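Line by line, the protein sequences are chains A and B. For the first sequence, the residue numbers in full-length UniProt numbering are 1 to 464. For the second sequence, the residue numbers in full-length UniProt numbering are 1 to 464.
Simulated from the structure, these hints should not be mistaken for lab results. Only a predicted model underlies this, so the values are computations on that prediction, with no experimental measurement involved. A hint or two may mislead.
Copies of the same chain look alike in the list, so a pair counts if it fits in one copy or across any two.
Claimed, not checked - The calculated DSSO-like cross-link candidates involving lysine-lysine, where the alpha carbons are at most 27 Å apart (straight line), are:
#1 K321 x K270
#2 K110 x K413
#3 K69 x K17
#4 K110 x K298
#5 K110 x K409
#6 K131 x K300
#7 K224 x K162
#8 K20 x K66
#9 K300 x K110
#10 K413 x K184
#11 K4 x K35
#12 K300 x K133
#13 K110 x K224
#14 K342 x K131
#15 K224 x K298
#16 K162 x K298
#17 K445 x K66
#18 K184 x K72
#19 K413 x K218
Protein chains: 2
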Amino acid sequence: MTTKQYQKRPTSEEAIKELKNLLGERFSTEVGDLKKHGNDKSHLPAFDPDGVAYPESTEEVAEVMKICKKYKVVVIPYGVGSSLEGHTSALFGGIHVDTSHMKKVIRFSKPDMDITVEAGLLKTELEKWLKEKDCFFGVDPGSESTVGGWCATGASGTMTVKYGTLRDNVLNLTVVLEDGRILKTANRARKSSSGYDLTHLFMGSEGTLGIITEITLKVYQIPKAVSAGSCCFPTVRNCTEAVTEIVQSSLGSLARCEFLNVKAIQAVNKLFETDYTEKPSLFLEFHGNTIEQVESVKDKLAEIVNNHKAEGFQFTSDEEKRKIMWKCRHSAYYASIKLRPKSKLLVTDVCVPISNLPNIIVETEEDFVKEGLSCPIVGHVYDGNFHVMCPIYDEEEVIIERLNSRLVKRAIKYEGTCSGEHGVGYGKMDYALQEHGEVFMDISKQIKKAFDPENRLNPGKIFN
Amino acid sequence: MTTKQYQKRPTSEEAIKELKNLLGERFSTEVGDLKKHGNDKSHLPAFDPDGVAYPESTEEVAEVMKICKKYKVVVIPYGVGSSLEGHTSALFGGIHVDTSHMKKVIRFSKPDMDITVEAGLLKTELEKWLKEKDCFFGVDPGSESTVGGWCATGASGTMTVKYGTLRDNVLNLTVVLEDGRILKTANRARKSSSGYDLTHLFMGSEGTLGIITEITLKVYQIPKAVSAGSCCFPTVRNCTEAVTEIVQSSLGSLARCEFLNVKAIQAVNKLFETDYTEKPSLFLEFHGNTIEQVESVKDKLAEIVNNHKAEGFQFTSDEEKRKIMWKCRHSAYYASIKLRPKSKLLVTDVCVPISNLPNIIVETEEDFVKEGLSCPIVGHVYDGNFHVMCPIYDEEEVIIERLNSRLVKRAIKYEGTCSGEHGVGYGKMDYALQEHGEVFMDISKQIKKAFDPENRLNPGKIFN
Numbered sequence: 001m002t003t004k005q006y007q008k009r010p011t012s013e014e015a016i017k018e019l020k021n022l023l024g025e026r027f028s029t030e031v032g033d034l035k036k037h038g039n040d041k042s043h044l045p046a047f048d049p050d051g052v053a054y055p056e057s058t059e060e061v062a063e064v065m066k067i068c069k070k071y072k073v074v075v076i077p078y079g080v081g082s083s084l085e086g087h088t089s090a091l092f093g094g095i096h097v098d099t100s101h102m103k104k105v106i107r108f109s110k111p112d113m114d115i116t117v118e119a120g121l122l123k124t125e126l127e128k129w130l131k132e133k134d135c136f137f138g139v140d141p142g143s144e145s146t147v148g149g150w151c152a153t154g155a156s157g158t159m160t161v162k163y164g165t166l167r168d169n170v171l172n173l174t175v176v177l178e179d180g181r182i183l184k185t186a187n188r189a190r191k192s193s194s195g196y197d198l199t200h201l202f203m204g205s206e207g208t209l210g211i212i213t214e215i216t217l218k219v220y221q222i223p224k225a226v227s228a229g230s231c232c233f234p235t236v237r238n239c240t241e242a243v244t245e246i247v248q249s250s251l252g253s254l255a256r257c258e259f260l261n262v263k264a265i266q267a268v269n270k271l272f273e274t275d276y277t278e279k280p281s282l283f284l285e286f287h288g289n290t291i292e293q294v295e296s297v298k299d300k301l302a303e304i305v306n307n308h309k310a311e312g313f314q315f316t317s318d319e320e321k322r323k324i325m326w327k328c329r330h331s332a333y334y335a336s337i338k339l340r341p342k343s344k345l346l347v348t349d350v351c352v353p354i355s356n357l358p359n360i361i362v363e364t365e366e367d368f369v370k371e372g373l374s375c376p377i378v379g380h381v382y383d384g385n386f387h388v389m390c391p392i393y394d395e396e397e398v399i400i401e402r403l404n405s406r407l408v409k410r411a412i413k414y415e416g417t418c419s420g421e422h423g424v425g426y427g428k429m430d431y432a433l434q435e436h437g438e439v440f441m442d443i444s445k446q447i448k449k450a451f452d453p454e455n456r457l458n459p460g461k462i463f464n
Numbered sequence: 001m002t003t004k005q006y007q008k009r010p011t012s013e014e015a016i017k018e019l020k021n022l023l024g025e026r027f028s029t030e031v032g033d034l035k036k037h038g039n040d041k042s043h044l045p046a047f048d049p050d051g052v053a054y055p056e057s058t059e060e061v062a063e064v065m066k067i068c069k070k071y072k073v074v075v076i077p078y079g080v081g082s083s084l085e086g087h088t089s090a091l092f093g094g095i096h097v098d099t100s101h102m103k104k105v106i107r108f109s110k111p112d113m114d115i116t117v118e119a120g121l122l123k124t125e126l127e128k129w130l131k132e133k134d135c136f137f138g139v140d141p142g143s144e145s146t147v148g149g150w151c152a153t154g155a156s157g158t159m160t161v162k163y164g165t166l167r168d169n170v171l172n173l174t175v176v177l178e179d180g181r182i183l184k185t186a187n188r189a190r191k192s193s194s195g196y197d198l199t200h201l202f203m204g205s206e207g208t209l210g211i212i213t214e215i216t217l218k219v220y221q222i223p224k225a226v227s228a229g230s231c232c233f234p235t236v237r238n239c240t241e242a243v244t245e246i247v248q249s250s251l252g253s254l255a256r257c258e259f260l261n262v263k264a265i266q267a268v269n270k271l272f273e274t275d276y277t278e279k280p281s282l283f284l285e286f287h288g289n290t291i292e293q294v295e296s297v298k299d300k301l302a303e304i305v306n307n308h309k310a311e312g313f314q315f316t317s318d319e320e321k322r323k324i325m326w327k328c329r330h331s332a333y334y335a336s337i338k339l340r341p342k343s344k345l346l347v348t349d350v351c352v353p354i355s356n357l358p359n360i361i362v363e364t365e366e367d368f369v370k371e372g373l374s375c376p377i378v379g380h381v382y383d384g385n386f387h388v389m390c391p392i393y394d395e396e397e398v399i400i401e402r403l404n405s406r407l408v409k410r411a412i413k414y415e416g417t418c419s420g421e422h423g424v425g426y427g428k429m430d431y432a433l434q435e436h437g438e439v440f441m442d443i444s445k446q447i448k449k450a451f452d453p454e455n456r457l458n459p460g461k462i463f464n
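Kindly generate the complete structure, drawing on both the sequences and the hints.
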């Protein structure tokens with residue numbers, strides 16, 4: 001991959017001075033800090049910012065934005081840099097607004113089952129806080145990341161089957177606009193038809209329209225009963241066809257339905273010394289109010305998977321076994337890297353209508369094998385979303401780009417999307433254009449201009 | 001209510017000639033037709049358009065839009081005129097694009113449980129079509145209306161509890177932009193994080209950003225088992241507090257949870273000669289795969305409502321009894337008008353967080369009684385959404401406006417919205433501004449300008 005050249009838009013000395021005046025030590029130009037912020041978890045090259053601001057409140061973000069407007073400084077919001085398509089890279093320089101000092105829980109209502117938090121709160125921190133209230137956040141994004149990052153990316157997770165995506169679980173955002181004005185996109189009502197849906201417009205806007213600082217999320221009671229099932233199949237086609245039948249059977253309590261191909265199972269077995277049968281597999285989970293309820297699906301589920309030649313069907317309410325299974329699934333990223341020492345990981349992320357899932361996964365596996373690469377594939381397959389985890393060395397990058405390009409073409413052919421949950425960043429701009437076409441991109445640019453006339457908010461992301 | 005004066009933006013003779021050339025008899029300037037299109041189901045004054053176009057396809061809508069651009073003609077999309085806030089009123093003149101010739105089912109996939117239809121398809125037509133495939137559309141908006149109208153308004157319905165609002169059930173829209181370009185907002189994947197969420201931006205945009213011509217909806221299998229429950233309570237507070245406890249108990253199979261106050265029950269009893277006890281009541285419905293599943297909630301539900309002094313708790317899987325109950329609930333609009341011969345109906349529509357529902361309903365009933373009016377109240381109370389159905393005579397309009405204004409203030413105080421599902425139109429513009437404030441409205445106008453620089457798409461709606 002040849003690295004594109006970007007014309008830097010330098011951050012002036014006066015701007016830096018004024019930001020230091022505002023934030024003191026919470027504005028950093030220390031080289032180590034800049035280096036850390038230039039990188040994310042993608043395979044893409046790093047671009048360091050000129051400075052990093054660590055505001056402590058929405059109001060302080062607003063003050064930062066006003067200074068940046070005054071000096072025409074480029075601004076990029078930053079959570080923990082867990083993005084996979086270069087979302088936070090400072091392609092043109094500018095400053096990062098790092099939300100790691102914004103972790104407050106602002107309010108919570110158990111009767112209303114909603115919580116308002118600051119953007120920098122981490123997944124593990126939110127989980128811990130909610131657990132004490134016997135609640136949890138249903139979406140369960142895969143990696144350690146911030147609530148603000150989830151919203152900016154339009155993320156989802158393993159439990160989308162039952163609880164929806166991030167987009168379905170945000171009631172209200174507080175956003176700082178490019179000129180420092182503070183916008184509330186909605187209120188706490190569960191639904192509204194009053195005015196434009198600005199909440200969803202910001203979800204997945206990747207910092208290009210404003211900086212999300214506070215988020216009101218729907219939360220859920222921890223299910224009183226949970227059971228889990230797993231099985232494997234002779235072929236990927238058997239496995240994915242079983243999934244399409246599971247989807248059509250609308251098993252009400254299904255909360256997770258995850259696919260792992262042979263290579264993914266091998267990677268997991270290697271990392272954790274587990275002994276999962278090395279065949280295409282499904283990991284499933286059911287949530288309900290009573291054990292009877294979650295176990296009532298067992299026979300129907302067994303019938304479906306057995307129709308598709310399932311092997312080793314297991315069904316358990318044992319918490320320890322479940323925990324191990326999900327630890328394995330959630331560690332697929334690291335397990336994949338461990339397959340090839342010192343490799344870096346490229347993670348693909350397409351999503352197609354469920355009826356096209358068997359074809360696209362089979363064709364993708366074949367395509368990778370043809371190019372001499374055999375990679376782990378995992379997927380939130382109930383949604384038709386899956387990831388090829390490609391641990392690669394530099395010299396293989398060109399092959400993987402070719403494979404990913406063909407994968408995206410295949411997803412578009414199958415009426416799907418080039419990004420199910422990781423966003424566009426600058427890694428997938430060409431694919432997003434292929435998927436949506438010129439009219440979509442043109443109107444998107446018009447919207448961008450309405451919010452950010454000077455193109456200072458995370459420029460060079462989503463579209464050129 | 002004093003009628004505001006609007007400066008007409010006349011539709012030129014050349015424009016009308018060219019539209020007639022394009023559509024022949026499907027472009028009407030017949031007075032009866034214009035009169036019919038000037039009115040909706042609201043209490044607001046009528047504003048007739050200068051002409052009505054009846055295109056037969058997205059491409060024909062695009063041709064109409066090009067002509068309108070050429071001659072700077074105002075354009076307003078029109079379904080069946082069922083809106084309740086004057087959404088389709090031609091305040092400034094211009095033409096209606098009536099979608100009643102666009103009713104095709106374009107595609108359907110049972111494995112993917114989705115359907116693509118043209119905007120003019122009616123609720124009853126969609127229901128009939130889907131029933132033959134053993135499917136239904138989960139949202140169930142209350143009145144006869146078009147799929148395009150649902151989307152443009154951001155509607156919802158009685159089954160939002162289980163199946164979500166319209167916003168949760170649309171995968172993709174085809175929209176004709178102000179210059180005649182055709183935009184597809186997404187594809188058929190169940191989720192995506194590729195690019196701005198234009199689908200949701202158009203949901204509830206009330207024709208101000210473009211004309212929705214085709215819609216891909218999620219559909220659902222007709223539940224194999226359905227049961228229904230009903231009971232009444234000594235007071236509104238008992239009843240609504242029972243609702244908040246039902247919400248918190250997350251009864252998985254709950255699909256409907258509807259409130260009717262004493263006056264609403266009286267109106268229904270009068271219209272249908274039913275004998276529901278004339279007390280604040282709940283009508284509930286449960287959907288599942290088996291009778292055992294839907295009946296398994298009975299004891300828990302009885303326990304909850306009995307905690308709140310319920311009377312006459314009934315629970316049945318009998319289809320006939322259910323049908324009568326929902327016919328009564330769905331006819332509340334007509335039943336309310338029938339209470340006062342020759343009255344017209346004003347329907348309020350606020351939505352608040354569920355914990356604030358008991359207070360707001362009690363206070364609202366008291367406020368109405370104070371003004372000498374006692375009106376039916378019905379609500380999709382699981383969402384915190386309710387409607388006062390006010391059958392009024394002209395001279396009472398000023399009282400009702402006062403009551404509605406106080407109701408909206410109350411909803412905003414309780415962190416709710418001025419419109420749960422009916423939209424803003426021109427009837428609620430002041431309330432939307434009160435709810436959202438200047439920054440929200442200012443950025444909304446910037447978006448509007450990006451889509452519609454000449455302000456020709458349904459001008460004077462949502463904001464001035």
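Query raised in the report: From the Cα coordinates, with 27 Å as the cut-off, is the pair K342 and K131 best called within, between, both, or neither?
Result: Neither: 37 Å inside a copy, 57 Å across copies.
Query raised in the report: At most 27 Å between C-alpha atoms: does K184 with K72 qualify within a copy, between copies, both, or neither?
Result: Cα proximity of K184 and K72: one copy only (24 Å, versus 34 Å across).
Requested in this report: Indicate which option fits the pair K413, K218 if close means a Cα-Cα distance not exceeding 27 Å: within, between, both or neither.
Outcome: So K413 and K218 pass the 27 Å test across copies only (20 Å; inside, 35 Å).
Query raised in the report: Using 27 Å as the alpha-carbon threshold, which applies to K110 and K224: within, between, both, or neither?
Result: Within one copy, since 16 Å is at most 27 Å while 33 Å is not.
Query raised in the report: Within a copy, between copies, both or neither: where do K413 and K184 come within 27 Å Cα-Cα?
Result: between (38 Å within a copy, 15 Å between copies)
Report task. Give the relationship of K445 and K66 under a CA distance limit of 27 Å: within one copy only, between copies only, both, or neither. Result -> both (23 Å within a copy, 22 Å between copies)
Query - Within, between, both or neither: K110, K298 at alpha-carbon 27 Å - result: between (32 Å within a copy, 24 Å between copies)
Query raised in the report: How would you label the pair K224, K162 (within, between, both, or neither) given a Cα cut-off of 27 Å?
Result: Answer is both; intra-copy 15 Å and inter-copy 19 Å each pass.
Report task. If the cutoff is 27 Å on CA atoms, where do K300 and K133 land: within, between, both or neither? Let me know, please. Result -> between (34 Å within a copy, 22 Å between copies)
Query raised in the report: For the identical chains here, do K321 and K270 meet the 27 Å Cα criterion within one copy, between copies, both, or neither?
Result: within (18 Å within a copy, 60 Å between copies)
Query raised in the report: Which holds for K300 with K110 at a C-alpha limit of 27 Å: within a copy, between copies, both or neither?
Result: Close across copies (20 Å), not inside one copy (34 Å); limit 27 Å.
Query raised in the report: Taking 27 Å as the upper bound on the Cα-Cα distance, should K224 and K298 be classified as within, between, both, or neither?
Result: both (17 Å within a copy, 18 Å between copies)
Going down the numbered hints, you'll see the structure goes against just number 14.
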